[in-house]
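Spelled out, the chains give:
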Amino acid sequence: MAADFGRKLDARRWAGWALALAPLAFLAVAFFSPLWEVLRRGLLVEGQWSTDLLRAVLADQYVRHLLSFTLRQALLSTLLSLVLGFPLGWLLTRYSFPGKRSLKALTLVPFVLPPITVALGFVLFFGHAGHLNQALMWLLRLSEPPIRLLYSLWAIVLAHAFYNAPVVARFVNVAWEAQDPALTEAARVLGAGRLRSFITVTIPGLFPAVLSALALVFVLCTLSFAIPLALGGARYATVEVGVYLLARVYVDLPRTAALAAVVLGISLLLTYLYLRGGGLFHTLSSADRRQPTVPLACRRHPARLLWLGYLIPAGVVFAGPIAAVIADSFLRAAPGGASPTLHWYRLALSTDTSALLGASPLGSITTSVAVAAAAAGGALALGVAISASLRAVRSRVLETVLMAPLGVSSVVLGLALLLAFRRPPLSYLPPGPWPLVLAHVLIVYPFVVRSIRPLWQSLDPSLVEAARTLGATRREAFGSVELPLLKPGLLVAGALAFALSLGEMTAAAMLARPGLNTIPLAIYQFLSARRFGAASAMATVLMVVTAVAVLLWERLGRVGEAAEQ
Amino acid sequence: MSFLVLSGIDKRFGSVVAVDNLTLEVAQGEVVALIGPSGCGKTTTLRIISGLERADAGRVFLRGKDVTSLPPEARAVGLVFQSYALFPHLTVEKNVAYGLRRMPRRERSHRAKELLQLVGLEEHGGRRPHQLSQGQKQRVALARALAPQPNVLLLDEPLAALDAALRTSLRSELKHMLHQLGVTALYVTHDQAEALALADRLAVMRAGVLEQEGPPERVYMRPESPFVARFLGRANIWPARVTEVRDGQAQVDAGGETFTAPAGQMRTGDKAYLFSRPEDVQPGSGIPFQVERAEYQGDRWEVQARRGELEVLVYVARDTLLGAEVQLSFPPSSFQLLPRESDR
Amino acid sequence: MRRLYCVAMVLMLAVGLSGTADELVVYTYDSFVAWGPAQEIKEKFEETHPGTELVWIAPGDSSEMLSRLLGELELGLPTADVFLGAADVEVPRALDHEAFLPLEPQLITNLKYVPDDIRLQDDAYVVPYDYGYVTLVYDAEALPDEHVPTTLEDLLHPELADKIVLQDPRTSSPGLSFLLWTIAHFEEGWTDFWRELLPNVLTVTRGWTESFEMFEAGEAPIVVSYSTDEAYSYIVHGDLRYRVLTPSGEGYRQVEYMGVVRTTDSPDLAHSLLDIVLSHQVQELIPTSQWMFPANQDADTPADFQEHAIVPENPVALDMDAVEEKLEEWISEWQRILVES
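Chains as they are written, first to last, in our numbering: chain U, 1 to 565; chain P, 566 to 909; chain Y, 910 to 1250.
None of these hints come from the bench; they were simulated from the model. Hints are supplied without guarantee of correctness; some may be wrong.
As the list claims (entries may be wrong) - A partial selection of chain U residues facing chain P, derived with a Cβ cut-off under 7 Å:
1) L463
2) R468
3) T469
4) G471
5) V481
6) P484
The beta-carbon is built from N, C-alpha and C at its ideal position, and this holds for glycine as well.
Generate coordinates for the entire structure from the input sequences, incorporating the hints supplied.
Structure representation (structure tokens):
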């Protein structure tokens, strides 16, 4: 069969495999070999293959608790995200109201908001001495704080729901808006009432999208790190937190490796299931007409104002923590109340080495920005090479190998690199934040590939052909035709990569050492020492830097385009 | 000398034969139209000539040089795509100048402007493709392909995306331009009117095989098979048998009637098809036919009439169609005998 | 785009190379830097040894820092020169991993002021710098008198639900001391005690700093802390709001040690640092900054401190050999009880 396709197609496949060489070499050194080292430590006992350590780890009650707690909180978080997020999706689809566009845009914010900031916000807002309790105690003249959320399972679940409800809302909104209104209209004409047509026509149509969203949320919650670490205390830890604690805090390497092997298995399984299942979750029917919307504030339907019963608590849950972070960064407790100050920012930007951080706060910021820039650049280059290779070579095996890091959790990646940098070839790298850069490249590049590939796919192939008939070699055609057309997508992917790296805490926690500290880690360290002012200032700095970087990136792209003319 | 020579080109896609032992020559400055129904292999042929596809067998020669194994960028063959394939991120002028990369910058710009002037778009150089109309895009695509002065210009259904009126007007412009520039061109289309108008020579393809080639009038007037006959225009084709051949004329039985036609290579007893064009059938007097359908076309009526097994298409002048019967006469010169085998 | 890249690369090299000046790195626990005389020690050291910077690294509590040190030693990663803050119950673990260099006592002249009862049998590897007693501390304004526990068993009363903050014995030395205290007190029944205690525990924090800050912020009125906290309350806050509880007159004795890390490049400087920590000048700061008793018997302690710093009548301390043998088992058991709750 291959011979029938002609020699020309073979040349293309050869080129594809050649393109895959550099990424494969990189992955071999930075990913597969380190990962193997972890597995080796967990599965080899005195030179012999053995599942003894694995079995011992799995039989350990503590580990069992970790696993069951992880699953339990993930399930609860997913359900709560659905409960909180579905109404928002409904609201955005069916109603029109002032500020709707901004609200829709805000649903994207959690994607770039680092989880540690959310955890900090929760402590500041929902804590026993937090803003909400203080307000309620003052309003209702209570002596004890009425809301005792923290230090419990519910703190973690609610924080996860905060994070993920907008994801659900977005999936629901997109899928619902894509539904052809003619479907429900046909049902109504055939005799089904409002409720029945909703249940029998609309909901089934939304099913795939909702399931897809829930699956994604479940995976994110299972592999969650920063929120359980910051909000859980000793009692509530997930498996990811468990590996971190075993590796860096209790320092028990053999058990770490065994548990890491278990976590690796879990994350691979989840990723596989999600990707496989993703094939089922396509939006059915594309409509020519959009879904009709009705105004929310309407005199004839005052019942619609019941939505306020959702919006107000939801607003409190979503906006409260972030507002608390920003507010607290400017306030300093003083006898008789709080007073505005820039003291925390001075601290957050100081160059004095802080014993708590193991580096200076400004140094942490610089490290974060440098690492994010390098990681974004590396992820883009790697992502383009891999996309190009996979376009030419249609091999499931190659795709799985090149995208393997997608299925490995960040904590295991961090551990693998931690062990790998002791030995050549990685130990030959000059001193610097290289372990973290590599970790972030590995974590981020699959997202770059996933956003570039469909874009590249949608490029008209005759454009490259036209370029070649006009005298351009294949490489020239790539540089002068394909690359410029991919640029907008590349910029967005790059900005996303940058933002993800800035906010990443898991691998950073695994690889941290004196002199190598990042902003999210600094936030966590300040938070656990209960230096809330400093933590808030750092968190606000992080939000500002992320926003500036994303905007700057986009602006650079537009300037570049203008210069070409 | 032939500028472009295709010799024994074969191409398969899996089990489908796209091009079957194709041999074709195009002389310098000639415009050859490659015509045939969809899927007959004409686009594949173009792609093989341009180097975008590799033939399974056969050779391609350009100006006497064997280019069969050369990549597209080394062949200096221009290709105008059906979808135009204009680079959306470049201006019109930059699009046209794309193939001139080896030229110094000033010359490049000058030449691009020259070509834009040729196609009548000199004022649109700074625009982007998405701002142009379909007709304008087509012209830019043409200008772009011509700019590097290719050996051969290949056009893949360039007018297919345009509406009828635009198509007709651009057609004549295109022909004029090609001749003025002396371009050697191979033009693919499924529209026979276009092919007849533009080509110096026609090549009719079917299922990967070249059925007939030659100047348009000859292919139109003297098709060598019913397929070619039908493809190039309206045709009356009746199964027939030659009963007698004398002095180059043949007596032919068709549908129970006897007609006289030029014998050609036919001999007595041969099976044949009796072919005539509607415009050659004379209405007014002769054999009566029953009118089955009459379509008013503005300047005439197109009439479909029947007599027994014989169905005929004929044009009747605007003012003269009356009633359900029409009398038709068939002078021998209106007929042609086409070969028939039992499975054709 | 390329320019951004170059800037990033330069920044990264700068970050990487920034830590190569002459330094003496000390790992300690966070409250030593936040509360204790870390700054004064640094100044005195840098005065004595100009050209060398003293760097304090203290992101966590003592057990966590010790684990980190041991982990870095095992992985061959760059680590500290001096470790300050290993509690007596943690020292065996450090010695098992051969974390410290054998000391040269002649270089630590102030050692002569340290009494025998807090020195280890052969202080070949570590020397003490302060000591204290782990007890319970409560907020007299937040806890009504009738609820104040007088025995460890009183901690199980249902009125104390969510009112106790503890530290994790895996990461914090007072947390570990408290655990060992309960084991010493209840012997075999310690697991039952903990099972009933945990519902009254608001949270188990990673380090002492967090728990004490929670206590001072009013989130819980009872915390495991040190017997010197009454002196702290009196001297810093001007009242006796924070009271020390010595249930049955008990408290767990904790001596804190420091040592020179095996892989250090500058053993002489390290010894000098140890000597400075034991100097009169620094030791006199310990009571009112660290809120512990100084190891140097010759150092003066303020009268207020002496008056209000409580010494339990029956201090408890388990036998070190027993601790060394059974610690891992006890911790696993404790962990199991924690997750079952």
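Here is what the structure says about each hint:
Look at U:L463: its Cβ gets to within about 5 Å of chain P, closer than 7 Å, so that hint holds up. Given hint, U:R468 at the interface with chain P, holds; its Cβ is 4 Å from that chain's nearest Cβ, closer than 7 Å. A least Cβ separation of about 4 Å between U:T469 and chain P falls short of the 7 Å threshold, and the interface hint therefore holds. Restraint check, U:G471 versus chain P: the minimum CB separation of about 5 Å is within 7 Å; hint holds.
Below 7 Å, beta-carbon pairs count as interface contacts, and U:V481 has one with chain P at about 6 Å; its hint therefore holds. Proximity of U:P484 to chain P holds as hinted, the smallest CB-CB distance being about 5 Å (cut-off 7 Å).
Of the numbered hints listed earlier, not one is contradicted by the structure.
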